[in-house]
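Colleague: Chain by chain, the residues run as shown.
There are 2 protein chains.
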Amino acid sequence: MNDPKQQVELYDTTLRDGVQREGLSFSLEDKIKIARKLDGLGVRYIEGGFPGSNPRDQEFFAWAQRASWQHATIVAFGASRYKDHRAEEDPNLRALVAAGTEVVAIVCKNSALHVREVLGVDLPANLEIIGDSVAFLRRQGKRVFYDAEHFFDGWKLDRDYARACLRTAFGAGADCLVLCDTNGGTLTSEVAEIVRAVYDELGSAVQIGIHTHNDAELAVANTLAAVQNGATHVQGTINGYGERCGNANLCAVIPNLQLKLGIPCVSEEQLRSLTEVSRFVSEVANLHPDPHMAYVGASAFAHKAGYHADAMRKHTLSYQHIAPELVGNQARILVSELSGKGAIATKVEQLGLRLGSPAQARQVAERVKQLESRGYQFEGAEASFELMVRRLDPDYAPPFELVDFFVLAETREGREMLSEAMVKIRVGHHVLHTAGEGNGPVNALDNALRKALHSTYPHVDEIRLTDYKVRVIDEGSGTAASVRVLIDSSDGVDTWTTVGSSTNIIEASWTALADSFEYGLLRAARRAQQPATPQHLG
Amino acid sequence: MNDPKQQVELYDTTLRDGVQREGLSFSLEDKIKIARKLDGLGVRYIEGGFPGSNPRDQEFFAWAQRASWQHATIVAFGASRYKDHRAEEDPNLRALVAAGTEVVAIVCKNSALHVREVLGVDLPANLEIIGDSVAFLRRQGKRVFYDAEHFFDGWKLDRDYARACLRTAFGAGADCLVLCDTNGGTLTSEVAEIVRAVYDELGSAVQIGIHTHNDAELAVANTLAAVQNGATHVQGTINGYGERCGNANLCAVIPNLQLKLGIPCVSEEQLRSLTEVSRFVSEVANLHPDPHMAYVGASAFAHKAGYHADAMRKHTLSYQHIAPELVGNQARILVSELSGKGAIATKVEQLGLRLGSPAQARQVAERVKQLESRGYQFEGAEASFELMVRRLDPDYAPPFELVDFFVLAETREGREMLSEAMVKIRVGHHVLHTAGEGNGPVNALDNALRKALHSTYPHVDEIRLTDYKVRVIDEGSGTAASVRVLIDSSDGVDTWTTVGSSTNIIEASWTALADSFEYGLLRAARRAQQPATPQHLG
Chain F
241 MNDPKQQVEL
251 YDTTLRDGVQ
261 REGLSFSLED
271 KIKIARKLDG
281 LGVRYIEGGF
291 PGSNPRDQEF
301 FAWAQRASWQ
311 HATIVAFGAS
321 RYKDHRAEED
331 PNLRALVAAG
341 TEVVAIVCKN
351 SALHVREVLG
361 VDLPANLEII
371 GDSVAFLRRQ
381 GKRVFYDAEH
391 FFDGWKLDRD
401 YARACLRTAF
411 GAGADCLVLC
421 DTNGGTLTSE
431 VAEIVRAVYD
441 ELGSAVQIGI
451 HTHNDAELAV
461 ANTLAAVQNG
471 ATHVQGTING
481 YGERCGNANL
491 CAVIPNLQLK
501 LGIPCVSEEQ
511 LRSLTEVSRF
521 VSEVANLHPD
531 PHMAYVGASA
541 FAHKAGYHAD
551 AMRKHTLSYQ
561 HIAPELVGNQ
571 ARILVSELSG
581 KGAIATKVEQ
591 LGLRLGSPAQ
601 ARQVAERVKQ
611 LESRGYQFEG
621 AEASFELMVR
631 RLDPDYAPPF
641 ELVDFFVLAE
651 TREGREMLSE
661 AMVKIRVGHH
671 VLHTAGEGNG
681 PVNALDNALR
691 KALHSTYPHV
701 DEIRLTDYKV
711 RVIDEGSGTA
721 ASVRVLIDSS
731 DGVDTWTTVG
741 SSTNIIEASW
751 TALADSFEYG
761 LLRAARRAQQ
771 PATPQHLG
Chain Z
241 MNDPKQQVEL
251 YDTTLRDGVQ
261 REGLSFSLED
271 KIKIARKLDG
281 LGVRYIEGGF
291 PGSNPRDQEF
301 FAWAQRASWQ
311 HATIVAFGAS
321 RYKDHRAEED
331 PNLRALVAAG
341 TEVVAIVCKN
351 SALHVREVLG
361 VDLPANLEII
371 GDSVAFLRRQ
381 GKRVFYDAEH
391 FFDGWKLDRD
401 YARACLRTAF
411 GAGADCLVLC
421 DTNGGTLTSE
431 VAEIVRAVYD
441 ELGSAVQIGI
451 HTHNDAELAV
461 ANTLAAVQNG
471 ATHVQGTING
481 YGERCGNANL
491 CAVIPNLQLK
501 LGIPCVSEEQ
511 LRSLTEVSRF
521 VSEVANLHPD
531 PHMAYVGASA
541 FAHKAGYHAD
551 AMRKHTLSYQ
561 HIAPELVGNQ
571 ARILVSELSG
581 KGAIATKVEQ
591 LGLRLGSPAQ
601 ARQVAERVKQ
611 LESRGYQFEG
621 AEASFELMVR
631 RLDPDYAPPF
641 ELVDFFVLAE
651 TREGREMLSE
661 AMVKIRVGHH
671 VLHTAGEGNG
681 PVNALDNALR
691 KALHSTYPHV
701 DEIRLTDYKV
711 RVIDEGSGTA
721 ASVRVLIDSS
731 DGVDTWTTVG
741 SSTNIIEASW
751 TALADSFEYG
761 LLRAARRAQQ
771 PATPQHLG
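Protein chains in written order, with my numbering: chain F, 241 to 778; chain Z, 241 to 778.
Okay, chain F solo, but in the shape it has when bound (with noise of 0.2 Å):
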């Protein structure tokens, strides 16, 4: 094992390996955003793109050259030389060095297999190519981070030649060997061993890095298993996006190795921004956040179990592996069938508010398990839990009520396809009616109701709806499936989440939306210390 005190250095390659995964792209103001939040979160590398590949790397590189950054240095990553090309000529080489980064990385082949099946030149050619692209890259000033690819795979076929390579590329100058574990299918003990007899061989003299890939579920456990052997330069990606089952995921990794193995990476700080960051990414993603995720996802914190939730009761962190403030998470109490009256109660205190009495909690419960069996699930979206709770006392007064609605989709020949939607709202005494229209139904009726409220409640206004999902229960049953809806909403001080179910994915879209204009209002008239019935109407 190495000092434990040691420094790893964090390579991040979400802009370029991880935009490998399946549905993923980002345009180049996803790129400069995601650069920016790495840069804040410390990493000490970002690899930004593939500059011969495309024309948007090379529109982030010339932007990159100009930016400036607090913690990063941004890297070019390329392939060597072609095999009958000098490396003077190679456009691929060149469009490397004109990237203008301070590093570079290359990829080069090292599995005997590859060299002779993929590339196609014998073994002491790919050599050359190793040597000469290296030896190239540092004459035009630049430092070389050479990623060994198929290192592992390579390794266990012919052990000399994937030794040659990393030999070359340090004796032609390379600053970093970074072994990769390409096709992601080797097992951890492997890892440890290999990356032992590397470190012995040539860690005294040049810096050893990993970069894994998830195929056997093993990606994260292989980078550890790299870094207690000697490997100090750690490459991953946010989230663990990656071509196939994706690559080694930085938010898991930073965590182990900073809380687990007393490993710094970054500060405390940037530690605590680590779930924001992953969100972030996922958002500019456009992919929902796998909820499951250690440490960084809504789910890594949250009690379901009846029996779970009263021991975190008892012990924080009876049930929990790390306070999950130290990542930026929280933990949750989950509201569901399985937790019984005693987790609700919990829940509702939660929420600030108060049960006047076991009846009521009862109650509460009772009406969970109905809706819930009608697709409802208030797990993600506690505005519309609130609501519900709120709409048993009896003195509850609404801010509206829904009368009526109607909502139109109509294409003619020739036509774009038209959305109109009616709506009939009581706010107090008063009955408004109103249309609108959108560029779908439920945007249609989003800015329909809007405009029904706004006279009342100019605030509605500042109500965005910043999410809009949709997921279908009984996936059985084609189009005449339950979908449940869920509306994220914010008003640029609070957020919030609302949820409605029914086989009509119209009248779910409608509760999520009355729900979210709902307790928006309600959360704004409690800023501003007043009740959420309207004053003036009274």
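What the hints contain is simulated information worked out from the structure, not anything from laboratory work. Incorrect hints may appear among the rest.
Since copy identity is lost for identical chains, a pair holds within one copy or between any two.
Unchecked claim - DSBU-like, lysine-lysine: derived pairs with alpha carbons at most 30 Å apart:
id	residue 1	residue 2
1	Lys-396	Lys-609
2	Lys-609	Lys-709
3	Lys-277	Lys-500
4	Lys-396	Lys-323
5	Lys-273	Lys-609
6	Lys-664	Lys-691
7	Lys-609	Lys-277
Because the structure is a prediction, the values reported are computed rather than measured.
Fit chain Z to the known structure of chain F by using the hints.
Modeller: Just chain Z now, kept in the frame of chain F:
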């Protein structure tokens, strides 16, 4: 390391610990379906539930006693006796016995912290609870698996006490000591060391088991490390379902053990069913299967980069860690903006289509790019991709063409929500104009379109829409966001997926729906070796 030819016993807890996952619950029927599937997979033990906790689990055990099993033994799970009960009178232990299983698992405390702070007894009293509970169950003729809760945390806190707990359980007759990383935060290197120490002390006398959680994204690695250090009983869940970040994922553990460590768990044929089992369980669970899951995910062997896709053509195993067929999965080349014309040509070939010229290949690539910029994603919707390619052929005669449609969703005070649709299509030279209703706008469109097609194509009766998924693309835009709709369909022979994208959910649904019928009719016609255009209208 153990003898690599050792056997490992698989113990599945999807039906007990798996349902602790946020948002997951199983009906009795669901539990039966999953247990049947696990039996077929060759799992040795199936933990069926917690009979003391709810009536549904008791019903499951009543059914399981009458059912016959090929490979599996059903196990009932429960907690040790309450601190102030005698074992004979403890309701939990009695419920456990009443479940009628040959084997029971009981969970007991092993960490001095939990004994004192959560259970609230002194350390010797907990040893009595362990001894009494195990001995009572043995006297009832049960084989007893001892779940050592918080074993690793307990060991790190007070090693001697954790060992005393194990020795007490062993002394009272436990058949297997299952070491649990209940909070999921233990590092792989620690698991290896602690399991080795337990194995050295007790491994010659009693079987050692392992039960891990994924809170540090290490559950699979920790399971393998335990097996490499003496554990021969392995607990986990299908797809890694479980509380917080989940349990050890058997869909990764099984192939890692069998294909990588050479430790047989199931037959080769059973291993080939793994992908299907994974998807079956996610379907019953009403959860979208994670496409990036190791081994069994739809993207686990999907290649996007032009670079990799090209190498894949040259050498199949060059970018795959195993042959996907071994686990019943398959390799895919993805259609995406990154993959270029080469990959599109391969894809078109895979679909059995032919591109007339390089100009046509360029035309397809252009069209893909154009539609992707409008939110389409063909990676999961190959039927729509095929239709898009066919429509570029001027000789293509579609089975029908859309003219107009119209859909309405309305709620009036006191009435159920109503949805109606009008559809106008052209079949050959005929224009068909009809209407339908449904429990939502898309279902109404589905019904109207079927009605219009039925007279010409009675085969539409066979086409069922088996799944309907909605994905919000630019989530930041609230209810004005673009949505992508995916529809899975089947006609009992073939299954296929279609896609539509629009800011209008109705339009996106309509496009995917119409594609589904068009593709289904084409497939049926191809199977019948006749052109898809209606002969009697020609």
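Colleague: Give a verdict on every hint.
Modeller: Results for each hint:
{"no.": "1", "hint": "Lys-396 - Lys-609", "result": "neither (56 Å within a copy, 41 Å between copies)"}
{"no.": "2", "hint": "Lys-609 - Lys-709", "result": "both (23 Å within a copy, 25 Å between copies)"}
{"no.": "3", "hint": "Lys-277 - Lys-500", "result": "within (24 Å within a copy, 38 Å between copies)"}
{"no.": "4", "hint": "Lys-396 - Lys-323", "result": "within (25 Å within a copy, 54 Å between copies)"}
{"no.": "5", "hint": "Lys-273 - Lys-609", "result": "between (42 Å within a copy, 24 Å between copies)"}
{"no.": "6", "hint": "Lys-664 - Lys-691", "result": "within (11 Å within a copy, 34 Å between copies)"}
{"no.": "7", "hint": "Lys-609 - Lys-277", "result": "between (41 Å within a copy, 29 Å between copies)"}
Of the hints listed earlier, the one the structure fails to meet is number 1.
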